[in-house]
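K.L.:
Once you've looked at the hints, dock chain B against the given chain A.
2 protein chains.
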Amino acid sequence: MAIWNNMDTLASFEALSRTKAVNLAEVMSGENGAARVEKYSVPMAEGLVYNYAAKQVDDEILDKLVKLAEEARLAEKFELLYNGEVINTGEKRLVLHHLTRGQLGNTVTADGVDKRAFYVEQQQRIAEFANKVHAGQITNAAGEKFTTVVQIGIGGSDLGPRAMYLALENWAKRNNTLKMEAKFISNVDPDDAAAVLNSVDVAHSLFVLVSKSGTTLETLTNESFVKDALKNAGLDASRHMVAVTSETSPLAKSDDYLAAFFMDDYIGGRYSSTSAVGGAVLSLAFGPEVFAQFLDGAARADEAARNKDVLSNAAMLDALIGVYERNVLGYLCTAVLPYSQALSRFPAHLQQLDMESNGKSVNRFGEPVSYSTGPVIFGEPGTNGQHSFYQLLHQGTDIVPLQFIGFQDSQIGTDVVIQGSTSQKKLCANVAAQIVAFACGKSDDNRNKNFAGGRPSSIIIGDQLTPASLGALLAHFENKVMFQGFVWNINSFDQEGVQLGKVLAKRVLAHETEGALKAYSDLFHI
Amino acid sequence: MAIWNNMDTLASFEALSRTKAVNLAEVMSGENGAARVEKYSVPMAEGLVYNYAAKQVDDEILDKLVKLAEEARLAEKFELLYNGEVINTGEKRLVLHHLTRGQLGNTVTADGVDKRAFYVEQQQRIAEFANKVHAGQITNAAGEKFTTVVQIGIGGSDLGPRAMYLALENWAKRNNTLKMEAKFISNVDPDDAAAVLNSVDVAHSLFVLVSKSGTTLETLTNESFVKDALKNAGLDASRHMVAVTSETSPLAKSDDYLAAFFMDDYIGGRYSSTSAVGGAVLSLAFGPEVFAQFLDGAARADEAARNKDVLSNAAMLDALIGVYERNVLGYLCTAVLPYSQALSRFPAHLQQLDMESNGKSVNRFGEPVSYSTGPVIFGEPGTNGQHSFYQLLHQGTDIVPLQFIGFQDSQIGTDVVIQGSTSQKKLCANVAAQIVAFACGKSDDNRNKNFAGGRPSSIIIGDQLTPASLGALLAHFENKVMFQGFVWNINSFDQEGVQLGKVLAKRVLAHETEGALKAYSDLFHI
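These protein sequence lines are chains A and B, in that order. Sequential numbering of the first sequence, starting at -6, is according to the working numbering. Sequential numbering of the second sequence, starting at -6, is according to the working numbering.
Next comes chain A alone, as it looks inside the complex:
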């Protein structure tokens, strides 16, 4: 196991730390800037391109990043992962979300079964079920078609699937493949479930209950909420619910559900959009064919992430540049800025994916690390953000690296020409302009109107946000986060940091509190 070393023990990291910082405003000026845009560009899966011209790197720094990737043996670690090594050391588990969309390496057997076959089987079961629902072969008790699917889940059972649904909803409408509208209930706040239930026709709604363990407090509470609503409407709840859970969970064999689809312990919640967790709601909403395209896109990106030529591997390069920004340049945050309204909740998903995976202070062996790990992730779609928090990004006292995403074409295709250009062209023009404004700045004698520049960004550009390109985009970030975890030598696949709050909340509800906990409970009259 000697390959797992802390980042600060690597000679290549030491060498990286000694490189000369790039003056971004300078290198991005004039024709040199144009040359960088051409040169610092990597093709990704599904026609996407990762362009990092406006990052604070040069050939010297890139050379050191390549050496870091090699010394940290990133490609080899990825190989170990998809071949079924116990990469999640904290929970002693395999990490198999890649197998939900393809077989990257050897057959992986666990619990006595071929795991790729297991995931494919669940996809097929979901597809059959969804097709029957769409065909009116599975209906409510009155024999009427279900029109709405409501996901009940939280965290990874909510953010990813929700972001993916929103990303494709308009595309599906435009391409006549929106089979059912999807809604989501997540928060234990009773107003969340109540508001969603008020907004749907429960008699024609199918509820997908998602909990790996079958014990998630919020999700079970919201299930009761939904069952009450169904009962109050005179409906048989078991005709309106399916479960997505692990085979060993109490939900797996219950008569309370029309069907149960399975995931397992080898897929973390935040990596589960391509498993049954995303598969059920997305196949019901868009049809299994669309979900399959989404998986194909993710599989192509996974294959691209295996490329051992670091400078041709967008996920690895993106990860390495992030490490350089975090550990050499000292930047804490990264803003994710999709110029696509359809990606309105994609930053919230990446926020979980990244911060829950790499927000750790101990290495894979439980020893404290002495360097910074995962960044704070936030973001909103552009151009909206331009009229909001971009002020600080341009002129604030701290530098926040930026991750732009943009597409040449819109999804719906309806557009207007104003002042000689379409809205879509304006959208693209704005993201192009922002990259240069952040990088180069503009000096002004009035210091209040002065832009220092030097604010790094990268952009992922695609033709259009489709199921396949969305899958590729999602997998890119999953793999980026994984590679960063490898560099930092941390376990990106557990989340012990969520436990303490759960324990204390139970104590509050049981009135077993003292000190500050009791005092806060009293403030809420619990």
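You may find that some hints are simply not true.
Any copy will do: because identical chains look the same in the list, a pair fits if it lies in one copy or spans two.
[Said to hold, decoys possible] Only pairs whose alpha carbons sit at most 30 Å apart, straight line, appear in this in silico DSSO-like list of lysine-lysine:
hint, residue 1, residue 2
1, Lys301, Lys13
2, Lys166, Lys138
3, Lys435, Lys499
4, Lys246, Lys499
Worth flagging that the hints you see were computed from the coordinates, not collected in a lab.
P.N.:
Chain B in isolation, oriented as in the chain A frame:
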């Protein structure tokens, strides 16, 4: 003008910097912790309470913060502001958003009119208009009632009003005062307008076009989008649109609108939720009486912010503690975590409010400052965030101060009892538990399960999220941000950082580019 001094010239800041840091885990343990919860609590307007027991402060630090408030003359500066001084030095403008909800001091005259009277007049004009719409006296051309109101605006004309609408939508339904459903179009992405238009019945929709200058690119583009949709539906657009703008804007006297309501240059976009910008859409959605309650709540919070006893002034104290965290403890971010699904977009509004106001590097006189200013703000509702990014907040390598918000009662009132408690109790128990978990941590021999604690938070607690308490909550944060700007000696009321991107985007669309800007334009085939 000698009262405007940089923070690092103040003796009290120097003294603050020399205080001994508080060991939060230690002081929050045992009965001392309970005593802090009781002691470090300030009543706010509308029954809200600001509790800062879990912040890294003690009496010594608080004493220094009080001295800083006095030396920086925060109360006096607020007085100057609401009495009509030119506080926005960059744009040479008065800052009058407080006058939209009350008269805090002297009559303020500008442009030859009493500004409080002007804002009240606009509220009354909006109220009359809204009442007529609700009564069916103003209808579409077919004489049918409008059922939906659609706001077209971006930035401050979108985030604040949208967050306020979402915050009160369920409350209004529950209290039978939801008059019209509201929708929002903001992004220049054509899919935003197209999707919203696909989701509404345009024949019964009233569109509120909001642009102070009447020249905002996104908003004018989306107006055209909407006019096309109305025309395609065989409707007369001018029967379906109202404008909210300044009296001098090209929209003010146009025949294209049923009516125009006015704001002015003395109210920044991010402070405009209580002006006609929020007033039109919220009065149409909920009725003018509800909007009036919201204004009253804000007015009460403004009055509370005048309190010269710093330790009894929640907005000032919140601001000062934030300065201590930013400039002495060196924390970059603040997470806003409302335990209320209704506040789902409140963090996005605060993100604009705070980051656009205080993300500045020069002081009021255009001179660079040598200390950190406004923090990065992000957040999502709890308990959702607990299953997402809280991992990093608990166990990441950097400390992120937290701002919790919670309410004892839900808005809708529908609830279920599971395992002996309601969902609402579970929600409250979770926020109480999180505060203590972050502050105190919990040691574990397994370092992976170890929580260091020492992660500071405050909480604002209320009985219920109502129009009045929402108004008070909004004004609290507006005033907090204002006081922080005063301490940092920056101009919190301009936003020059948004200009460069606009200029460059125009150049891209005009094909007047070279270098990197041309290269990025080419990537998008512009």
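K.L.:
Are the hints correct? Go through all of them and say.
P.N.:
Now the hints, each set against the structure:
Taking CA atoms no more than 30 Å apart as the test, Lys301 paired with Lys13 passes inside one copy only; the shortest distance there is 26 Å, against 51 Å between copies. For the homomeric pair Lys166 and Lys138, the shortest alpha-carbon distances inside one copy (19 Å) and between copies (29 Å) are both at most 30 Å. Taking the closest pair of Cα atoms, Lys435 and Lys499 come within 30 Å of each other only across two copies (16 Å); inside a single copy the shortest separation is 55 Å, beyond that limit. When the C-alpha separation of Lys246 and Lys499 is checked against a cutoff of 30 Å, the pair qualifies only within one copy, where the shortest distance is 27 Å, while the shortest distance between copies is 61 Å.
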